[in-house]
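If you read the protein sequences in the order shown, they are chains D and R.
What the first sequence shows, in this note's numbering, is residues 1 to 114, in sequence order.
What the second sequence shows, in this note's numbering, is residues 1 to 114, in sequence order.
Among the hints, erroneous ones may be present.
[As the list claims (entries may be wrong)] Some chain D residues judged to face chain R by a derived CB distance under 7 Å, without partners named: (1) Ser12; (2) Val13; (3) Gln42; (4) Gly43; (5) Lys69; (6) Met83; (7) Phe104; (8) Thr106.
[Stated by the list, open to error] Going by beta-carbon spacing under 10 Å, a handful of chain D positions derived as facing chain R: (9) Val4; (10) Leu7; (11) Gln45; (12) Thr51; (13) Ala53; (14) Leu56; (15) Phe63; (16) Phe67; (17) Glu88; (18) Asn100.
[What the hints assert, rightly or not] Over 12 Å on every C-beta distance to chain D, these chain R residues come out as not near it, computed from the model: (19) Gln6; (20) Gln37; (21) Met41; (22) His44; (23) Val52; (24) Glu56; (25) Asp59; (26) Ser62; (27) Ile69; (28) Leu78; (29) His85; (30) Ser94; (31) Gln97; (32) Glu101; (33) Leu114.
Hint data in this document are derived by calculation from the structure and do not stem from the laboratory.
Predicted model only: the values in this text are computed from it and were never measured.
We put the beta carbon where it would ideally sit given N, CA and C, even for glycine.
Each chain is listed here by its residues.
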Amino acid sequence: AQSVTQLGSHVSVSEGALVLLRCNYSSSVPPYLFWYVQYPNQGLQLLLKYTSAATLVKGINGFEAEFKKSETSFHLTKPSAHMSDAAEYFCAVSGGGATNKLIFGTGTLLAVQP
Amino acid sequence: EADIYQTPRYLVIGTGKKITLECSQTMGHDKMYWYQQDPGMELHLIHYSYGVNSTEKGDLSSESTVSRIRTEHFPLTLESARPSHTSQYLCASSGGQGPQETQYFGPGTRLLVL
């Protein structure tokens with residue numbers, strides 16, 4: 001069984017500050033891990049994914065995430081926040097396999113203050 | 001760039017009406033999914049399909065039904081809408097195997113049942 005926990009339903013940062021969104025996972029098999037972003041009134045867009053290659057994964061819009069097996073974490077970071085980063089961010093886990101069902105966290109709403 | 005479309009984007013309808021939410025993808029993906037997302041909540045899988053004539057119920061029980069007569073088309077139907085069905089419905093599709101497989105999402109349909 002798999003699950004995802006996102007710590008902090010709301011995160012607020014100043015423009016130019018570091019963005020850190022936390023995600024911890026639980027999986028009985030080697031996981032595939034994903035970060036998606038959802039802008040208002042839109043669907044989900046893939047930011048990045050981890051599939052057991054490099055532990056540091058670089059995604060779009062300057063985001064990156066590091067897979068840490070010992071901490072069962074996959075935190076999302078960006079060195080300098082931009083106003084356009086304001087959105088909701090979802091972490092998800094999949095065990096792969098024939099179904100490849102995604103299990104989502106509850107999401108973190110990122111606000112960027114000018 | 002993912003090519004997955006959902007119509008309508010917004011729907012307001014009265015109790016008891018039959019509705020069909022459309023989802024189409026032009027990527028030739030075998031697997032398609034329907035998720036339900038309530039405001040501020042995670043996504044829950046309600047239906048998925050491995051291919052034509054294959055449909056399965058997801059992790060969250062739903063009164064909706066789906067069909068998969070063509071690869072590119074995966075409509076969701078509610079025979080008699082109720083206020084409890086008010087939610088956002090997101091369609092997704094995926095292709096490839098294992099680490100190459102990624103789910104791509106449509107823009108969603110926001111349903112309000114009065």
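Each hint, compared with the structure:
no., hint, verdict
1, Ser12, "violated, 16 Å"
2, Val13, "violated, 20 Å"
3, Gln42, "holds, 6 Å"
4, Gly43, "holds, 4 Å"
5, Lys69, "violated, 16 Å"
6, Met83, "violated, 22 Å"
7, Phe104, "holds, 4 Å"
8, Thr106, "holds, 5 Å"
9, Val4, "holds, 8 Å"
10, Leu7, "violated, 14 Å"
11, Gln45, "holds, 7 Å"
12, Thr51, "holds, 3 Å"
13, Ala53, "holds, 7 Å"
14, Leu56, "violated, 16 Å"
15, Phe63, "violated, 16 Å"
16, Phe67, "violated, 13 Å"
17, Glu88, "holds, 9 Å"
18, Asn100, "holds, 5 Å"
19, Gln6, "violated, 8 Å"
20, Gln37, "violated, 9 Å"
21, Met41, "violated, 6 Å"
22, His44, "violated, 8 Å"
23, Val52, "holds, 16 Å"
24, Glu56, "violated, 8 Å"
25, Asp59, "violated, 7 Å"
26, Ser62, "holds, 15 Å"
27, Ile69, "holds, 21 Å"
28, Leu78, "holds, 20 Å"
29, His85, "holds, 19 Å"
30, Ser94, "violated, 6 Å"
31, Gln97, "violated, 9 Å"
32, Glu101, "violated, 5 Å"
33, Leu114, "holds, 20 Å"
Violated hints, in rising order: 1, 2, 5, 6, 10, 14, 15, 16, 19, 20, 21, 22, 24, 25, 30, 31, 32; the structure is consistent with all others.
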